[in-house]
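Residue numbers (my numbering), protein chains in the order written: chain A, 136 to 438; chain B, 25 to 340; chain C, 11 to 262.
Derived from the structure by calculation, the hints contain no laboratory data.
Note that the structure is a prediction, hence the values are computed from the model and not measured.
Each hint should be verified, as a subset may be incorrect.
Stated by the list, open to error - Estimated spans, in silico, between C-beta atoms of each pair:
1) 34(B) <-> 205(C): 40 to 48 angstroms
2) 275(A) <-> 67(C): 43 to 51 angstroms
3) 44(B) <-> 219(A): 42 to 50 angstroms
4) 278(A) <-> 259(B): 51 to 59 angstroms
5) 205(C) <-> 234(B): 35 to 43 angstroms
6) 133(C) <-> 198(B): 53 to 61 angstroms
7) 236(A) <-> 208(B): 22 to 30 angstroms
8) 136(B) <-> 147(C): 55 to 63 angstroms
9) 306(A) <-> 81(C): 35 to 43 angstroms
10) 263(A) <-> 124(B): 51 to 59 angstroms
11) 124(B) <-> 271(A): 53 to 61 angstroms
12) 159(B) <-> 227(A): 38 to 46 angstroms
13) 328(A) <-> 220(C): 40 to 48 angstroms
Built from N, CA and C at the ideal position, the CB exists for glycine as well.
One letter stands for each residue in the lines below.
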Amino acid sequence: MFSIWELILQQLVNGLILGSFYALVALGYSMVYGIIKLLNFAHGDIYMTGAFVCLSVFAALGNIVSGWTGIILSILVAMLISGILGYIVQRVAYRPLLGAPRLSLLITAIGVSLVIYNTVMVMTNSQPMFFTSGLDNAAGIRIGSILITYIQLVLLAMSGVFMLALNFFIGRTMAGKAMRAIALDQDTSRLMGINVNRVIGMTFVLGSSLAAVAGGMACVYYGNVQYNMGYTIGIKAFTSAVIGGIGSIPGAMLGGILLGLLEAMGTQFLGSQWKDVFAFGLLILILIFRPNGLLGKTEIERM
Amino acid sequence: MGLIDKLDNKVSKTIGSLALLLVMVLLPLRVDNYVQNVLWNAMFYMLLALGLNVIVGYCGLCDLGYAAKFAIGAYTTGVLMKSFSWNFWLTLPVSMLISAITAAIVGGATLKLRSDYLAIVTLGFAEIVRISVRNMSITGSASGLIAISRPSLFGIRLTRITHWYYVFLVLVLMFIFITYRIRHSRFGRALTYIREDEDAAQAMGINTTKYKLYAYIIGAVLGGITGSFYAVKMTNISPTSFDFTQSANILLAVILGGMGKIPGVIVGAAFFAIFPELFRDIPIIGEMRMLFFGILLIVVMITRPQGLWPERKQRM
Amino acid sequence: MALVEVNNLSMRFSGIVAVEDLSFEIEEGSITSLIGPNGAGKTSVFNCMTGFYKASSGDIIFDGQSLINLKPYSITEKGIIRTFQNVRLFKNLTAMENVMSGVHRVTNQSIFGALLRHPKQRREEEKIRETAEFFMNYVGIYDKKDILAKNLSYGDQRRTEWARALSASPKLLLLDEPAAGLNREEKESLVELIHSFRDSYGITVFFIEHDMELVMKASEKVIVVNFGKKIAQGTPNEVQNNPLVVEAYLGS
């Protein structure tokens with residue numbers, strides 16, 4: 136029998152993993168929203184594409200490298216391809232509309248989402264694909280009657296590394312500074328000699344590759360990928376971004392982890408069929424009581 | 025353009041609309057049940073699109089969960105009839121009321137915020153509704169409600185497709201009438217001002233939060249009515265009829281048809297209902313349909329954000 | 011009695027002080043202008059007066075009531091109507107529909123009126139049209155009433171904005187750089203228009219302007235701000251000869 140504390144510990148680990156998926160995807164939402172005020176509806180589909188690329192590369196590598204080396208290589212390739220996809224989407228669909236009303240931009244994003252989603256659906260015949268990592272699912276650390284696997288620990292470490300790297304990039308490099316400057320004031324940034332279009336493109340590349348990391352991790356963790364896997368995680372990652380304060384990088388991380396934990400606990404105590412209700416209900420409550428999120432600042436729009 | 029031309033234009037428009045209406049009224053005499061059902065389906069989409077048009081087209085709010093609004097109507101009617109043996113016509117006001125209340129809660133919470141938050145909240149709310157009806161026994165869980173009884177009108181029990189064809193034709197005309205009158209009034213103009221420029225609308229004394237909420241509630245109530253009729257037409261309703269694809273279809277019909285323009289919205293809805301039927305037997309196109317719509321949506325937004333319906337002619 | 015009293019108004023956002031401890035009065039029925047170099051905080055004053063910005067401290071009294079913490083629409087309801095520096099028309103609507111939005115403030119038909127179209131509603135709809143047409147005629151754009159706002163020339167867009175503001179029958183009209191982008195002739199007629207707003211309709215006018223000739227011709231009182239602070243006020247003549255003002259504009 137599990138004791139209540141063991142259950143909570145188990146869900147804590149599950150929640151952290153889930154939360155790191157949300158956080159990685161939420162970062163892309165938050166960066167893009169921060170910089171061009173677009174709710175990038177297609178972001179969940181980029182995550183899904185990343186998962187498929189990772190799976191295909193890993194399968195192709197099968198005879199050469201396997202295990203974690205193979206997984207990490209596959210994730211790197213997935214990051215590259217998703218990054219390129221994110222850039223193309225931005226260049227083709229969003230850039231022509233940067234001056235247009237925000238509703239048009241949002242609707243275009245829905246269009247992009249439909250295109251990616253349905254392309255993958257047709258290509259995979261609506262069937263899930265399975266990922267066999269060959270890793271030992273039973274190896275790990277035992278605490279009482281619960282098991283924390285090495286896979287879980289490596290995935291957590293991996294997401295931590297990527298988030299720290301992003302934080303460093305945004306906080307310490309010129310390109311990161313340019314991103315923050317554009318988020319504050321696009322016109323002034325342009326006057327200051329920042330190549331605004333290039334920085335926006337870079338933001339999409341970064342966000343999309345982080346989503347691909349989450350997609351690759353999902354391959355390993357769940358063992359299967361399907362064309363519709365991006366839809367729910369897309370909404371939940373957005374929820375995370377809003378909880379943390381949209382536009383805020385640490386906020387997206389915090390929001391993702393929080394939502395993951397809350398959802399894991401909700402599943403434990405309310406039943407898994409209600410877990411999505413729990414997440415979306417939380418979104419609505421946050422918007423009512425703290426619309427700027429936990430770490431977001433109130434903004435005054437200049438007219 | 026002179027007065028005669030203008031008058032001419034108006035007369036020809038009226039004649040055109042009347043002729044179309046006459047064709048629609050007489051059509052069931054000539055075509056079989058299959059065609060009538062396809063046309064019924066088209067009218068069903070028109071009702072949804074006309075309702076959503078108040079929210080998206082008039083007021084410029086992005087609602088990604090319109091399916092939830094007609095799910096609420098359909099399930100209210102379904103539950104009241106199945107579990108409480110209500111008469112269909114009595115369930116209508118209840119369904120309108122519940123639609124209005126839920127819209128007031130969701131809208132009240134989010135409409136004062138940045139407008140794109142509404143998109144994600146409506147999406148989340150639609151999921152809440154879908155998951156709730158799938159997991160509650162009163163709504164029949166995953167299998168939904170089956171064998172909802174058919175209502176009667178003027179002593180006729182509405183069982184044949186032709187009956188429903190005419191019921192929905194009348195509904196479409198009513199919805200056109202309602203939304204047309206809304207558009208051409210102080211109230212409806214206030215909504216379009218908000219769509220065009222929210223700050224300027226505020227500066228003209230429009231309480232934008234209040235008006236957005238009204239638009240949202242009106243759209244929800246129209247969706248609720250449609251859902252109620254849908255429930256008794258189909259007699260079976262299940263959670264799968266109200267998923268995101270459904271919401272996306274309605275939204276696409278409104279946007280591609282031409283946001284805010286009633287004829288455009290109607291043509292858009294008809295297109296979305298009839299197009300899949302035309303390609304039903306060619307499997308690959310059936311599957312690629314949404315892909316094609318996605319591309320169309322991007323192209324339209326970039327090249328003609330006002331939708332495919334032509335701009336009204338204006339004097340220069 | 012002063013129609014508007016601004017007392018110790020300050021407005022800061024993220025470290026930048028846009029308005030600092032500013033006080034002034036606007037007499038009822040006067041034509042007052044607000045001038046100052048670029049970035050002096052003039053538009054911020056307007057935005058505070060119309061509720062688009064929240065003042066950090068201080069008070070704005072209009073007609074004996076404080077405007078602090080009111081939303082823009084309720085300030086409009088009280089009778090302060092503004093135009094925007096960069097013309098904010100409803101672009102995809104006709105000039106006529108744009109001007110009709112002004113009448114919103116002085117009418118009250120609701121959704122039920124829209125659906126029922128009872129006689130009272132029809133009369134009000136008629137009134138909305140007549141008012142809008144009257145003011146379009148007044149500013150000289152009646153013949154362009156069916157053109158979409160985005161297709162109007164710049165000068166006509168400005169006129170449409172004035173007509174829109176006038177049809178809201180303001181007590182106080184705030185014009186943010188009304189002459190920007192207008193040609194010489196249009197500026198001349200603007201001076202006349204501003205005077206006739208006041209003389210024919212008793213509207214108090216308060217405007218921001220960079221064109222000194224227009225300021226001198228049109229206004230009775232000038233308030234000069236620099237770095238968010240008031241540095242001078244008085245008649246156009248007094249202000250013109252004030253060394254502080256000269257310094258602010260030319261630099262020392």
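Could you check the hint for me, namely that residue 133(C) and residue 198(B) are 53 to 61 angstroms apart, CB to CB? violated (26 angstroms)
Can the suggested window of 51 to 59 angstroms be confirmed for the beta-carbon pair residue 263(A) and residue 124(B)? With a Cβ separation near 41 angstroms, residue 263(A) and residue 124(B) fall outside 51 to 59 angstroms, so the hint is violated.
Using the beta carbons of residue 328(A) and residue 220(C), state whether their distance is inside 40 to 48 angstroms or not. Distance hint for residue 328(A), residue 220(C) is violated at roughly 28 angstroms.
Between residue 278(A) and residue 259(B), does the C-beta distance stay in 51 to 59 angstroms? holds (55 angstroms)
Quick one: are residue 275(A) and residue 67(C) within 43 to 51 angstroms, going by C-beta? violated (59 angstroms)
Between the beta carbons of residue 205(C) and residue 234(B), is the distance compatible with 35 to 43 angstroms? holds (37 angstroms)
For the pair residue 44(B) and residue 219(A), does the Cβ-Cβ distance stay inside 42 to 50 angstroms? For residue 219(A) against residue 44(B), whose Cβ atoms are near 49 angstroms apart, the range 42 to 50 angstroms holds.
CB-CB spacing for residue 81(C) and residue 306(A) relative to the 35 to 43 angstroms hint: holds (37 angstroms)
State, for the Cβ atoms of residue 136(B) and residue 147(C), whether the hinted interval 55 to 63 angstroms holds or is violated. The hinted range 55 to 63 angstroms is violated for residue 136(B) and residue 147(C), with Cβ atoms some 38 angstroms apart.
Against the range 53 to 61 angstroms, how does the distance between the Cβ atoms of residue 124(B) and residue 271(A) compare: consistent or not? Cβ of residue 124(B) to Cβ of residue 271(A): about 57 angstroms, so the range 53 to 61 angstroms holds.
Starting from the hint 22 to 30 angstroms, judge whether the C-beta atoms of residue 236(A) and residue 208(B) obey it. holds (23 angstroms)
Do the beta carbons of residue 159(B) and residue 227(A) sit within 38 to 46 angstroms of each other? holds (41 angstroms)
Going through the hint list in order, the structure does not satisfy hints 2, 6, 8, 10, 13.
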